[in-house]
Amino acid sequence: MRPEEFQNRVLPLHAGLYRFARSLLNHREEAEDCVQEVMTKLWSKKNTLSHVRDLKAYCFQIMRNHCLDILRKKKMDLKDIDTGIPSDSDVHTEAEMTDKLAIVQRLISRLPEPQRTVIHLRSIEAWEMNEIAEVTGTTVEHARVILSRARLALRQAYQTIYAND
Amino acid sequence: MTEEELEILIDKYYNGDTTLDEEKRLSDHYDQFVAQETGDANYALFAFFKSRQIDQPGPAFVSRIEAITSGQVPVKQRNLAWIARVAAALTVVAAVVWWLLPLDMSPNELATGTGERRSIDLPDGTVVWLNSNTNVEYDDGFETGARNMRLSGEAYFEVKPDHERPFRIHTGKVAVEVLGTSFNLRSYPSETDIVLNVTTGLVKFGSKEKVEVAGGNRATYNIPANAIRSLTPANPNATAWKTRRLVFEDALLGDVADDLARYFDKSVVIETPEALNCHFTGSFEKPELAEVLKVIGYTLNMEYDIREGGVVLSGQNCSTK
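Line by line, the protein sequences give chains C and X.
The first sequence begins at 0 in numbering that gives the first Met the number 0 and counts up by one.
The second sequence begins at 0 in numbering that gives the first Met the number 0 and counts up by one.
If you are wondering where the hints come from, they were derived from the structure by calculation, not from laboratory data.
Keep in mind that a hint or two might mislead.
[To be verified] To spell it out: a stretch of chain X is covered by chain C in this simulated footprint if at least three of its residues, at any positions, have a beta carbon under 8 angstroms from a beta carbon of chain C; those stretches are:
| # | region |
| --- | --- |
| 1 | 9-20 |
| 2 | 114-127 |
| 3 | 130-140 |
[Claimed, not checked] Derived DSS-like pairs: lysine-lysine, alpha-carbon spacing no greater than 27 angstroms straight-line:
| # | chain 1 | residue 1 | chain 2 | residue 2 |
| --- | --- | --- | --- | --- |
| 4 | C | Lys40 | X | Lys159 |
| 5 | X | Lys285 | X | Lys241 |
| 6 | X | Lys285 | X | Lys265 |
| 7 | C | Lys55 | C | Lys44 |
| 8 | X | Lys49 | C | Lys99 |
| 9 | X | Lys23 | C | Lys99 |
| 10 | X | Lys23 | X | Lys11 |
| 11 | X | Lys265 | X | Lys293 |
| 12 | X | Lys241 | C | Lys45 |
| 13 | C | Lys99 | C | Lys45 |
| 14 | X | Lys49 | X | Lys23 |
| 15 | X | Lys159 | C | Lys45 |
| 16 | X | Lys241 | C | Lys44 |
| 17 | X | Lys265 | X | Lys241 |
| 18 | X | Lys159 | X | Lys241 |
| 19 | C | Lys55 | X | Lys293 |
| 20 | C | Lys40 | C | Lys72 |
| 21 | C | Lys45 | C | Lys55 |
| 22 | C | Lys44 | X | Lys159 |
| 23 | C | Lys99 | C | Lys55 |
| 24 | C | Lys55 | C | Lys40 |
| 25 | X | Lys203 | X | Lys159 |
| 26 | C | Lys55 | X | Lys49 |
| 27 | X | Lys11 | X | Lys49 |
| 28 | X | Lys11 | C | Lys99 |
Heads up, the beta-carbon is just placed ideally off N, CA and C, and yes, glycines get one too.
Given these sequences and hints, build the entire structure.
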């Protein structure tokens, strides 16, 4: 892929990649660093990118793997110090915690990973299911099942919080 | 949307069966009113998704990302090597020398067949266009180490400037070394000349005696004579194989025949020696042989014949028309 083609086709994905990383990591600055690292990685292998069938799905797949690596390392760190504190550091104060958007964010961060990826790409990026299946490496049907489970889990968890109030 | 419609859509939604359009309708529906009832999960979910859809990284971050493709080291890792790279990028002067050492190359090999043309992006950012029946190999570690390439055939190079790592092209026993420039190099095994047409930059060229070839000029190295045979203005049709454009400006018919022979890969013979001194002006986009010959025949009052083995042009009255 020529530099101009990279600038026209890969660089514009940076905002979407950033949102995706933020959803997976729940951290603005970490998400920005991830985009820089993933873009640098993609740039260094740009001469092979022309052969990629679905460039957008491919870039998001790389971002997903990158974020999962980071989460795996974090989990190990957390185990080491044995705290039960979730890593959603976007939520800073008690006041924000009561905000319903912050609650949804927190609930999403507690979903198992494939559910987080699928619900992000569907609800925030408005991708078709076949594109999402490319990123998760599942069949379209299975991606649909994951999506349905994630939505049901969110609704139930949200209603539970308010039922307890 | 009626209550009933909404209920059906919501059921579909939680089953994972809604289309993107239907999800947009739901989103718009919940966006229409501010739900006072915070216990409504649907409202909260759609409100959250909407808030994230417009989330963008800051402008400072965008320039950090753009720096990746401009050849700069991203801000986080800025160091002295970055300054050296910028200095190299500003160096337009390039040097070409003949290289006599054989090289060990690991085979990253690319080849084109008859009539096939393609461009390749090398790991260092250099772009190479390969003409028909051309073969190139380049080293592993091209990205950070020495830049060595072997060429048989014809290629057009746009070399990424890097004055710390010269770009070497080996053509059999001899090679070209450049720092960063663009040029066309033709070195088919069946031909006795190696022809360099420089588009941009300044190039040192030669074996025993070296000459400087500026952008817009051509140098021809004759292998049997082991010497530079001629230095002339660049042939505007040197890269016609890549641009699909043939341009002749007051060109000698003998030179026109040479360009046509190269472009169409056919022998082009001028049967009447007097006609070699005729001049021809004209340009062709995506030229077809029959079309070009028709125009030349009409302009120079010549006959032409397309045969199995090639083309024959004849006639001696070109100056009369």
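Hints not upheld, ascending by number:
3, 13, 19, 23
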